[in-house]
Amino acid sequence: MIHVGIEAIGIYVPPGRLAIAELRQYWPGVPTPGGVQTVSVAGFDEDIVTMGVEAAEVTLASIDAPVTSIDLLVVATCSSPYGEHSAAAEIGRALGLSPTVAIVDLAGSTLGGVTAVQTAQNAVLAGSATRALVVVSERRRGVPGSAVEALGAAAIALLVVQGGPSKFGPAASFRHGVPTRWRSENSPVLRNYEDARYELTGQIEPAVSAVLGGLAASTSTHLAIGPLDVRSHKSLSQSMKFESDSASFDFSHTGDLGAAGPLVDLAGLIATQPGSTIACIGVEPGSGAVGFTLALEGVVTVARHQPEPVSVSYVEYLQRFGVIEGTTPPSPIVPYAATPGAARADSEGSLAGDRCEACGSLNVPPRRLCIDCGAGRFVRERASRVGEVVTFNVQHVVAVHPEPSPVAVGVIRLKGEKGERGGQISAMFCDSNLDGLSVGQAVELVYRRLGVDDGLVKYGWKVRTVTTTSRSESSDGHGDLTGKGSS
Amino acid sequence: MIGSGVSVVAAGLVRFGERFESSYEDLMVDVWGALFDTPEGNLTQERVEAAWLSTALGGLIRREAVTGASLADPLCFYPRPVTRIENACAGGSDAIRNAAFAVAAGIYDVVVVLGVEKMRDLPTKASLIAQRGTMSHLWWHPRGATSPYLFGQHATVMLEQGRITREDMALVSVKNHDHGKLNPNAFMRKSITVEQVLASPPVCEPLTVLDCCPTTDGAAAVVLCRSDLAYQFTDAPVELVGTGLATDTMYSHTKPHFGQQAAAIRAGIDAYKMAGIGPKDVDIAELHDCFTVAELLAYEDLGFCERGGASTWLRSGAPALGGALPCNPSGGLLSKGHPIGATGVAQLCEVFWQLRGEAGQRQVDGAHIGLTHNVGGNGQVACVNIARRM
Chain P
1 MIHVGIEAIG IYVPPGRLAI AELRQYWPGV PTPGGVQTVS VAGFDEDIVT MGVEAAEVTL
61 ASIDAPVTSI DLLVVATCSS PYGEHSAAAE IGRALGLSPT VAIVDLAGST LGGVTAVQTA
121 QNAVLAGSAT RALVVVSERR RGVPGSAVEA LGAAAIALLV VQGGPSKFGP AASFRHGVPT
181 RWRSENSPVL RNYEDARYEL TGQIEPAVSA VLGGLAASTS THLAIGPLDV RSHKSLSQSM
241 KFESDSASFD FSHTGDLGAA GPLVDLAGLI ATQPGSTIAC IGVEPGSGAV GFTLALEGVV
301 TVARHQPEPV SVSYVEYLQR FGVIEGTTPP SPIVPYAATP GAARADSEGS LAGDRCEACG
361 SLNVPPRRLC IDCGAGRFVR ERASRVGEVV TFNVQHVVAV HPEPSPVAVG VIRLKGEKGE
421 RGGQISAMFC DSNLDGLSVG QAVELVYRRL GVDDGLVKYG WKVRTVTTTS RSESSDGHGD
481 LTGKGSS
Chain Y
1 MIGSGVSVVA AGLVRFGERF ESSYEDLMVD VWGALFDTPE GNLTQERVEA AWLSTALGGL
61 IRREAVTGAS LADPLCFYPR PVTRIENACA GGSDAIRNAA FAVAAGIYDV VVVLGVEKMR
121 DLPTKASLIA QRGTMSHLWW HPRGATSPYL FGQHATVMLE QGRITREDMA LVSVKNHDHG
181 KLNPNAFMRK SITVEQVLAS PPVCEPLTVL DCCPTTDGAA AVVLCRSDLA YQFTDAPVEL
241 VGTGLATDTM YSHTKPHFGQ QAAAIRAGID AYKMAGIGPK DVDIAELHDC FTVAELLAYE
301 DLGFCERGGA STWLRSGAPA LGGALPCNPS GGLLSKGHPI GATGVAQLCE VFWQLRGEAG
361 QRQVDGAHIG LTHNVGGNGQ VACVNIARRM
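Residue numbers (this note's numbering), protein chains in the order written: chain P, 1 to 487; chain Y, 1 to 390.
Next comes chain Y alone, as it looks inside the complex:
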């Protein structure tokens, strides 16, 4: 439980993909509208007292001076307060965490967390350059590094150690594409095979194109409120019961270990502790599968299986729909897409719908507890949030 209790009472998400027809502002207006389109109670725009905006590439892609007015302006939200959060790919979950703290502190009753990213206003290659800048001080970042490299480093070591196989990595992509095919808001809605993953063009060996999430436009939003007010707005609120955020050093060369992510491990421990649960209590998880190897890391870092057990656990079918702990029923970043600032928020949207039984064809029966795992940079930062059906 977070303070005296914080609940999610609405979630909205616009279709992820190459949204060439929509601007950054369009995506925000559309997702904002989605929050209030189907009011179950008396949730109105006027009830929202403050907003948290998660967006990572505003400075690099949009060349804007970074402020919360990026949200206030298109939504006519002014003069209400907007706090803008950048924490690389974990910004969405961190924004939720901070918004929850403000509600738990009794400052606001109802707030919105909105994550948005407009990545395909640039060629995908330029987008990679932009992300490179978010990773470290440029003077010390090795020439030739990219986002895939930050996770490819782990893959090289884990393969070398024999902990995972190349096929294990491919199977993660196959599973998540199977899931995403069932999600109308996903970007890549088609099933793929292990052979296709292995045969797709190399990006950062051993990662191929189908080991990598697509460069994506999208937006997601949730409404948080005091838990004691939640039933005013919906008959099926979802309570945020745990959150953890942790950091690590900036650079690849100051990591003591590859094959695990210290920040994610710590964030998970803290979130479990706050929620008063353990990994075995989790019914569904949205994991940060920006690259296939990242999901394998997450299984172990979050304690879903023992250290070194990711391959076996994956092949047992546990993380697939119908398995013991379905991971990324939404399709994850690999299939649904990864609009950076929106991703953590979209993960909580999926948990919200799953816990309310609203996830359609990808619904996990009887899900009570859901977890989101959101990793930034090369594991420099990670945020884990846990929600429970009220």
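Extracted from the complex, chain P is given alone in its bound form:
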């Protein structure tokens, strides 16, 4: 068998730490992950892509591997920022990989981390890649108040090459098919069937045991599995009769790292157990397990970027995941917000106009200087609620929402108004037969919602067509507003 192995590994753990003890204050009585004191938390500006890039950069730098030498990128995660879009494409772009480098995305299962390494191994074995980069990155969260709420965040990158200081042995798989942990479509949070003993003894142990059997694991001296929690890692190692019964990596400060967990565990053993043969097994309760063995023949570089931990409160933790969202900054391009400009345009609501004392033109909206003669003395009036169409267009390509296009927009001369430029308004049509619109047609003004911005409703006036016989006129020339008889 051709010698294929891992050349170098890099790990990134974000500095944020949420204390399990704080969770216990808010959710008393809820089981917490055994032996876990804190979980690592990604920053506001981090996700599996950015953490994956950090881990990959650390890995490449550790052995001065040029980015041009990478000819395959395999990415695994359960927590991609996209339901549909390649995270590998994003990571490849950030690393500056050639656009022709093949990319593989493995998502939706914590088995994906080990599978990603096997995928790289097989590609190198087949000769379709010479130096494959594997990136496994997680930023998961469980249902608040559940035993799986606090999950860790981290990323690991591995370079898989022909030759190299380590050598892959056989691989094995075992499948279940009944979930005890799952994240539903469109849900941001992991759930679990709350029977930890069944999960461990009924699902995890049989699956791991079966995979170890398939790996001919008697040759393996150590088990890398990555904990679902620290206590079950220990119990599993003991029941599987491995020398070292605790995890090589301090999972008590990161918690469950999902698909990255077994590989992070593997990296720890590589660093501390030179010359050993390690069985690395990924397990997902209810799905099964998958594993490979790796014999350490030389020095596999393990680089880490683990900034000094910073504690993160539960409130900030929830903010970082967008569970609690504060107000967004006001946009500079906001037509409808509660601005001073909106307050000054108060007359728009009542559709008031100013009648010029000099020329009699009705200025709608009110202005300081008359639109027709430039004079500046007015009498405030309620504008007529009826008028006729001066011009209009039926708009098919238009950015209105939620009403569907087409919509009609036009200029309306208010009834009885004589001003050359005054006495007209612009408005959108509503409740009108758009095929029947014409110049000169009678319309009435109606008060409607014009849009919503930042949750504020913008109200204003639209027009709808009327037939001349369908409404009465009041004595002051303003139409009545009974709303009867629209066409």
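Any given hint could be a false lead.
Stated by the list, open to error - A few chain Y positions that, by computed beta-carbon distances, are all more than 12 Å from chain P:
#1 Arg80
#2 Pro81
#3 Ala145
#4 Gln153
#5 Thr208
#6 Arg266
#7 Thr312
#8 Gln361
As the list claims (entries may be wrong) - Listed next, the stretches of chain Y that the computed footprint assigns to chain P, with coverage defined by at least 3 CB atoms under 8 Å from CB atoms of chain P:
#9 156-163
#10 192-204
#11 243-257
Derived from the structure by calculation, the hints contain no laboratory data. No residue lacks a Cβ here, since even glycine has one placed at the ideal position from N, Cα and C.
Fit chain Y to the known structure of chain P by using the hints.
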């Protein structure tokens, strides 16, 4: 004549279109290079003392604080002065006008006017929203209005009055696409038929897609200098002899008339007067045909034909290549494209090449006087510039 005389001595234009591969800055660097690529005299970048930048959508599409550094930075033009002009779609012509004034005042000998717009970094629909914001105070702009609406309003009235027919509008697009097919820098380089215009998807009835100019990326630039220095830089300078700029009210509902554009009429009168010519003296014109109806309005507003005569004049063949007064030999906004801030500058580029006999297959024989007509918003502003072969 503008003051003691201002001339155009170089023109550059990058291909208009959907330039997805090029940034706003790329377009500027490319058009700047084009100005100096084929020096006929001793025109060098170092001779340029100041620049005017025309760009309309920087704030809305690029979300930038608007300054002349947008030009100074990518061109390494700093610390020389850059004045940035926004006057909706008429900004390019207004920038030329203001740059010409600075030269005429004796402040600078040689200046550049550069117009650029990067519109297709947004979906075309978002681009329409952006343009909506340029048209008026948002509180008073009717919901559902767009750029096509601003000209569609005129079309509705003119059709209602029987002044034009729907086919007349289509014929403008057919003519300008025929012209643009001959222009290697045009966006839409294919001939179309009246039937295709009428059958294309409706945008703003009666306007269909082929009645509307495309959302376009592009840049154009010209070098202006004192006329008494012009022959230092080229053997065939073109003199700017007239300019007019006028405004109207902001809103559609404060227009006294549809079917004419008061600002364009006034800008034309002022430009003719300064140039000492009349409409009959014009040999070629680049008109603001953002929508087909706009070119029909321009024929009448500029006095190329009498009020109400646009249909007859169009159908006489006068504004086509080979006609009495070819309009939009470049293809116009309909075919060449309409990168807003660049359009007025690109219009003068076309006039420059036409008057020098450099317009290739679309050359108008013996053109001596060329006019550009550049309208902003709903006719809120218009600028007319006139140039003559020296």
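Evaluation of the provided hints:
no. : hint    : verdict
1   : Arg80   : 30 Å, holds
2   : Pro81   : 27 Å, holds
3   : Ala145  : 5 Å, violated
4   : Gln153  : 4 Å, violated
5   : Thr208  : 9 Å, violated
6   : Arg266  : 16 Å, holds
7   : Thr312  : 23 Å, holds
8   : Gln361  : 33 Å, holds
9   : 156-163 : holds (count 3)
10  : 192-204 : holds (count 4)
11  : 243-257 : holds (count 7)
The structure does not agree with the numbered hints 3, 4, 5 stated previously, though it agrees with the rest.
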